[in-house]
Each structure stands twice: as C-alpha cells, then as structure tokens.
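2 protein chains.
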Amino acid sequence: MKNIYSAAQKFLQAQIKEIEKRIPKVVAKEPNSLYEPCSYILESGGKRLRPLLVLASAKAVGGNHKSAYHAALAIELLHNFTLAHDDIMDNSDLRRGRSTLHKKYDVNTAILTGDILIGLAFESLLKEKNKNIKSIVSTFTKAIIEICEGQSLDKDFELRENVSINDYKKMIYKKTAALFEMSCSIGAQLFTNSTKYIKAVSVYGKNLGMAFQIQDDLLDIMADEKEFGKSIGTDLLEGKKTFLLISALEKAGLDDNASLLKIFRQKGIDKNEIEQYKNLYIKLGVVKEAEKEIKNYTHLALKSLSSLPDKSGKDLMIWIANSLISRNR
Amino acid sequence: MKNIYSAAQKFLQAQIKEIEKRIPKVVAKEPNSLYEPCSYILESGGKRLRPLLVLASAKAVGGNHKSAYHAALAIELLHNFTLAHDDIMDNSDLRRGRSTLHKKYDVNTAILTGDILIGLAFESLLKEKNKNIKSIVSTFTKAIIEICEGQSLDKDFELRENVSINDYKKMIYKKTAALFEMSCSIGAQLFTNSTKYIKAVSVYGKNLGMAFQIQDDLLDIMADEKEFGKSIGTDLLEGKKTFLLISALEKAGLDDNASLLKIFRQKGIDKNEIEQYKNLYIKLGVVKEAEKEIKNYTHLALKSLSSLPDKSGKDLMIWIANSLISRNR
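Residue numbers (the working numbering), protein chains in the order written: chain V, 4 to 332; chain A, 4 to 332.
Warning: the hint list may mix true and false statements.
The list makes no distinction among identical chains, and a pair is therefore deemed to hold if it is satisfied within one copy or across any two copies.
Subject to a maximum C-alpha distance of 30 Å in a straight line, what follows is the list of computed BS3-like cross-link-like pairs (lysine-lysine) [as the list claims (entries may be wrong)]:
{"no.": "1", "residue 1": "134", "residue 2": "173"}
{"no.": "2", "residue 1": "145", "residue 2": "69"}
{"no.": "3", "residue 1": "243", "residue 2": "286"}
{"no.": "4", "residue 1": "50", "residue 2": "265"}
{"no.": "5", "residue 1": "173", "residue 2": "107"}
{"no.": "6", "residue 1": "199", "residue 2": "286"}
{"no.": "7", "residue 1": "202", "residue 2": "134"}
{"no.": "8", "residue 1": "298", "residue 2": "243"}
{"no.": "9", "residue 1": "50", "residue 2": "173"}
{"no.": "10", "residue 1": "202", "residue 2": "32"}
{"no.": "11", "residue 1": "132", "residue 2": "270"}
{"no.": "12", "residue 1": "145", "residue 2": "50"}
{"no.": "13", "residue 1": "28", "residue 2": "202"}
{"no.": "14", "residue 1": "130", "residue 2": "24"}
{"no.": "15", "residue 1": "199", "residue 2": "107"}
{"no.": "16", "residue 1": "69", "residue 2": "158"}
{"no.": "17", "residue 1": "173", "residue 2": "28"}
{"no.": "18", "residue 1": "199", "residue 2": "233"}
{"no.": "19", "residue 1": "32", "residue 2": "158"}
Because the hints were derived from the structure by calculation, they are not lab data.
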C-alpha cells in the first residue's frame with residue numbers, strides 16, 4: 004500500500020515540475036508591462052492541484068497524460084486569472100507569501116493580467132489536437148461562467164445576513180468545485196467518449212472541490228500557525244461567511260447568536276477575540292460538523308472512482324484526495 | 004447607386020434590431036448582482052458595428068447571415084468586456100451618455116461583469132454548429148490576446164515620451180483593428196474554407212479598424228459638439244497620446260514642440276486651451292495628415308473586397324466603410 008502511494012506522490016511531483024517547466028513558454032515577452040506580471044503570478048508556486056487533476060483523470064480513463072499538458076496548463080492559467088481578479092475584489096495584500104498583483108503593481112495591471120490569462124488559457128487549450136475539442140472548450144467556458152457567478156454570490160454574501168448552508172454550498176460549488184470538476188472532466192474528455200467515465204471523474208472533482216473549500220475554511224481557524232505558514236483566523240478578522248460561521252449561526256442559541264452576528268455586522272472581529280470564537284465553534288460542534296462534511300465529500304469523490312479502468316490513474320486520484328484531507332496548509 | 008446604399012442601410016438597421024433582440028437571451032437572471040450590470044452595459048446602445056461586420060462578411064463570401072448571429076453576438080459581448088475593463092483603467096465616468104459600470108456600481112462589479120462577458124462571449128460563439136469551429140475559436144482567442152496587449156501598450160504610452168507614429172499604429176492595430184479584423188474573419192470562416200476570401204475580408208476589417216481609430220482621434224478635436232453629442236477635446240484634457248499629438252510632435256519646431264510636450268507632461272491641458280491646440284494641429288498639418296490616413300486605410304479596406312463573390316454582401320461592407328468615413332460621432 005505504502006509503495007503505491009509513494010509511487011503516486013513521486014509521479015505527481017514530477018508532473019508539477021513538468022507543468023512549471025512549461026509555464027514560461029506560454030508567456031510572451033512583449034509588452035513587458037503585461038507579461039512580466041503574468042510571469043510573476045504564474046511562477047509564484049501554489050499546489051498546481053488543478054492541472055494535476057487533469058493529468059490524473061486522463062490516466063484514470065486510460066489516456067496518456069503526456070498528451071494532456073496543454074489542457075492542464077490551460078486550467079492553471081485560468082485558475083491564476085481568478086486569483087488575480089479575486090485578490091483585487093477581496094483587497095488581499097498577500098498571496099502565497101508574496102504581494103498580490105494589484106499591490107505589487109496596481110489595480111489596472113492586475114485587471115489586465117487577469118484578462119490576458121484568460122486569453123492565454125484558451126490559447127493553450129486550443130493547442131490540444133483532439134476530436135472532442137469543441138466539447139472540451141464548452142466545458143472550459145461553462146466553468147468560467149460558474150466561477151464568475153460564484154464570485155458574485157460570495158460578494159453578495161458580504162451584504163446578506165440570511166445565508167444558509169445550502170446557499171453556501173451552492174456558492175462554493177460555483178466558486179471552487181466547478182473548476183475541480185471541469186479539470187477532471189477535460190482530462191477524461193481528451194481520451195474517451197464514455198459518458199460514464201467522464202461523469203465518474205467529474206463527480207470525483209466536484210466532491211473533492213467541495214471538501215477542499217470546507218477544509219480551507221476549517222484550516223483558517225484550526226490550523227497550527229507554524230505548519231499553516233500564515234496567521235490563523237483571517238476569515239474571522241474579515242467577517243467572512245465561512246462554513247463554520249454559517250453553521251454556527253444555524254446551531255447557536257440566542258446568546259451565542261448575538262455574538263456570532265457581531266462577526267459580520269462589525270465587518271470582522273479583533274485579533275484578540277479569535278481564540279474565543281474558535282472555542283465557540285468547538286462548543287457549538289461546527290468544527291466536528293465541518294470535519295464530517297469534508298469526510299463525506301471526500302468519500303463521495305473516492306466512491307465515484309470505482310468504475311474507472313486504469314488503476315494507476317485511480318491511485319493518483321486517491322492519493323490527491325487523501326493528501327488534501329490530511330493537509331495542514 | 005443611391006438605391007443600393009439605402010438597401011444596405013435598411014438591411015443593416017434590421018440586423019442591429021435582430022442583434023439587440025438576441026442580447027437579453029444570452030444574459031441569465033441569477034445572480035442578479037452579476038447579470039443586471041451585464042444587461043446595463045449590453046443594452047446601452049452603441050453602433051453594434053462589430054457584429055454587423057460579422058454578418059456583412061458572412062454574406063460577402065456567399066454565406067447566410069442568419070446562421071451567423073451567435074458569432075456576431077459573441078463579438079458584441081467581447082467588445083463590451085473590453086469597454087467594461089477599459090473604462091475602469093481609464094477612469095472614465097461616462098460611456099454612451101450613461102454612467103460607466105464602475106461608476107454606476109463599483110470597480111469590483113465592473114471587473115466581474117467584464118469577466119463574465121468573456122465567458123458569455125465564448126458560450127455564444129460555441130453555439131455555432133460549424134465544422135471550422137476550432138479555427139474560429141482560435142481566431143477569437145487570438146483577438147483577445149491582441150486586445151489585452153494593445154491596452155497594455157496604450158497604458159505604457161502614458162508613461163513614455165518617445166512614442167512614434169509606428170508605435171501608435173501598432174497599438175491601435177492591437178487595441179482596435181484586431182477586433183474588426185477578427186469579426187470579418189469569423190464571419191467568413193463560418194461559410195468558407197477559402198483562404199483567399201478569409202484574407203480579403205480580414206484585410207478589409209483590419210484597415211477599417213485603423214481608419215476608425217484615427218477618425219476617433221480626429222473627431223475628438225474636430226467634431227461639431229452638437230452633432231458629436233459630447234464635449235470635444237477630451238483627449239487633450241487627459242493628455243492622451245493620439246494620432247494628432249504624436250504626429251504633431253514629429254512635425255513641430257522647437258517652440259511648438261515645447262507646447263505639445265506640455266500636454267502629457269502636465270497630464271492634460273485646461274479646457275480653455277483646447278481651441279489653441281486645435282489651431283496648432285491645423286497649422287502643423289496633422290489634421291490633414293489624419294484625414295489622409297483615414298482615406299488611405301479606407302481605400303485599402305475597400306480595395307480588398309474586389310475578389311469576393313457576393314455583391315450584396317460587398318455592398319454592405321462598402322456602405323459600412325463609407326458611413327464610418329463620413330460619421331460625425
């Protein structure tokens with residue numbers, strides 16, 4: 004068992020290198036004012052999770068991952084477009100330990116960098132010589148629309164008090180899980196017409212994305228700061244409507260409710276209150292609830308793999324799911 | 004002759020109605036925070052020039068324009084994406100006599116509206132059931148990249164003193180003419196594989212776009228304010244590097260040169276100085292020079308039509324070119 008997983012890990016690490024080797028090749032040189040910020044955001048690391056999902060899904064349906072790099076790269080480019088624009092909208096200062104684009108340069112540069120990344124993403128995708136290309140480009144386009152809708156819903160939440168867990172799930176599906184789902188779907192569509200296989204990897208991607216986002220919310224408050232590599236409790240400081248806060252509001256009695264409402268009515272709490280809210284979350288059982296949801300979604304993701312033909316590809320997908328569930332950053 | 008042109012005008016006006024009838028159908032309802040601003044910008048009028056170029060080019064190569072509406076609409080959507088984001092970057096307050104998106108809503112909404120318009124544009128384009136769809140999507144993608152590069156060059160010009168007419172032409176090709184060229188190319192690609200025909204309409208579109216942009220620069224200072232529908236001289240007020248200013252700098256003697264450099268070194272002039280600069284432009288001959296360039300580019304555009312097979316389609320393209328050259332707004 005251990006060998007399989009270390010083989011998967013080794014393979015995926017090699018793929019990250021392969022993807023990162025290809026990134027500079029999709030970025031032109033001139034105008035430098037446009038492409039230099041592009042390189043800056045693309046070369047700032049990150050998990051490269053979404054392109055790995057393309058490659059793993061490609062293998063899982065029996066395809067050759069080496070013929071999927073253009074698509075994998077396209078999805079990484081698209082992901083970075085969302086980061087560039089989301090960071091402006093969220094007024095974030097830091098991303099992966101470095102200044103965000105609009106802080107390092109300016110808002111205009113960050114807008115335009117996001118825009119060109121969409122263009123470069125389609126350009127990379129269209130390099131795939133594949134008979135399913137129209138359907139692949141459609142899947143890609145659908146994800147862009149979902150992501151924008153998700154970001155809009157997320158912004159709406161800032162102004163709404165009555166956000167339910169269902170609203171939240173709809174939002175994170177669009178904002179996060181749709182791109183995971185699309186990555187897997189495209190990885191499969193490159194090599195198969197089997198709707199069964201395409202559906203299987205898509206269901207995996209979608210559920211993995213849901214687990215990933217709830218895990219993100221959970222880590223923000225429960226992570227070990229040293230392992231996490233950044234300060235915890237930022238969602239509370241910003242008054243963000245996370246799984247934990249929405250869930251806590253649904254479970255809380257009158258007293259706790261007032262204290263929770265304060266989080267977003269005052270547009271965030273003070274740093275010295277983080278511990279108190281963390282304990283409230285634990286007391287209300289929403290930390291356990293989040294852990295349960297993460298497990299459930301991960302279970303649904305893994306269950307969906309059973310019908311797929313290629314064992315080594317499935318092993319990659321299992322490894323990715325397990326490493327996400329046990330991540331500490 | 005007159006009959007042909009009034010027929011062309013009538014046909015194109017009917018097509019504008021057809022396009023505007025279809026716009027609401029591509030915009031979803033929820034989230035309202037995203038789609039309401041989309042409708043706002045899309046339904047604010049405009050010349051609908053680029054979709055008309057698609058339809059006219061389709062006819063000119065012998066195609067049926069009724070099978071090109073999805074592509075025509077896609078290009079109008081893409082054009083509106085550029086307006087949404089450019090208006091943020093240029094800090095413009097008004098567009099077509101109404102508040103710009105970021106003024107009516109906010110910058111975040113305008114960013115996200117531009118983003119979703121790209122998604123909707125590809126979605127509309129992909130509705131075309133066409134065997135050349137991959138090549139069409141590639142042409143569309145290439146134009147997005149050109150437009151972003153053009154916008155970046157335009158921003159660069161704000162900080163550069165040494166902008167030549169060649170730099171300027173390269174910039175307006177990317178920022179404006181590439182989209183005209185692409186509109187025509189896609190209109191043709193929908194109905195023909197003839198590289199000769201595709202090239203012919205593309206050359207028309209490219210040259211028309213160049214003429215259009217120089218005309219834009221010219222109208223900004225030479226238009227009759229009443230007919231123009233907005234105040235003249237805004238490029239001077241903002242210190243923008245237009246064809247006229249760059250050309251004037253190339254022609255001016257030492258004295259005039261100092262006065263011209265002032266325009267962008269001081270980031271714009273005062274309103275009461277507009278007349279003086281207008282007279283300087285006339286004196287230096289750059290108004291005549293701009294008129295000559297517009298005529299030349301329009302001539303090149305029209306010349307390129309000779310090889311095309313469909314007379315009624317060509318008449319549309321001739322009518323568009325002539326109406327652009329004689330426009331007063």
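Hints, one by one, checked against the model:
In this assembly of identical chains, residue 134 and residue 173 lie within 30 Å of each other by CA distance neither inside one copy nor across copies; the values are 33 Å within and 36 Å between. For a Cα distance limit of 30 Å, the shortest separation of residue 145 from residue 69 qualifies both inside one copy, at 25 Å, and across copies, at 25 Å. Proximity of residue 243 to residue 286 under the C-alpha cut-off of 30 Å is restricted to the intra-copy arrangement: shortest distance 20 Å within a copy versus 61 Å between copies. Taking CA atoms no more than 30 Å apart as the test, residue 50 paired with residue 265 passes in neither setting, with 34 Å inside one copy and 50 Å between copies.
Taking CA atoms no more than 30 Å apart as the test, residue 173 paired with residue 107 passes between copies only; the shortest distance there is 28 Å, against 33 Å inside one copy. With identical chains, the CA atoms of residue 199 and residue 286 are never at most 30 Å apart, being 43 Å at best within one copy and 73 Å at best between copies. Both within a single protomer and between protomers do residue 202 and residue 134 lie at most 30 Å apart by alpha-carbon distance, with minima of 19 Å and 26 Å respectively. For the homomeric pair residue 298 and residue 243, the shortest alpha-carbon distance inside one copy (23 Å) is at most 30 Å, but the shortest distance between copies (57 Å) is not.
For a Cα distance limit of 30 Å, the shortest separation of residue 50 from residue 173 inside one copy, 24 Å, qualifies, whereas the shortest one across copies, 38 Å, does not. For the identical chains of this complex, residue 202 and residue 32 are inter-copy neighbours only, at 27 Å across copies versus 39 Å inside a copy, given an alpha-carbon limit of 30 Å. In this assembly of identical chains, the alpha carbons of residue 132 and residue 270 never lie at most 30 Å apart, being 49 Å within a copy and 49 Å across copies at closest. In this assembly of identical chains, the alpha carbons of residue 145 and residue 50 lie at most 30 Å apart whether taken from the same copy (23 Å) or from different copies (29 Å).
Taking the closest pair of Cα atoms, residue 28 and residue 202 come within 30 Å of each other only across two copies (29 Å); inside a single copy the shortest separation is 32 Å, beyond that limit. With identical chains, the CA atoms of residue 130 and residue 24 are at most 30 Å apart within one copy only, with a shortest distance of 17 Å there and 35 Å across copies. In this homomeric assembly, residue 199 and residue 107 never come within 30 Å of each other (Cα to Cα): the closest approach is 46 Å inside a single copy and 47 Å across copies. When the C-alpha separation of residue 69 and residue 158 is checked against a cutoff of 30 Å, the pair qualifies neither within a copy, at 38 Å, nor between copies, at 39 Å.
Taking the closest pair of Cα atoms, residue 173 and residue 28 come within 30 Å of each other only across two copies (24 Å); inside a single copy the shortest separation is 36 Å, beyond that limit. Taking CA atoms no more than 30 Å apart as the test, residue 199 paired with residue 233 passes in neither setting, with 41 Å inside one copy and 59 Å between copies. With identical chains, the CA atoms of residue 32 and residue 158 are at most 30 Å apart between copies only, with a shortest distance of 17 Å across copies and 35 Å within one.
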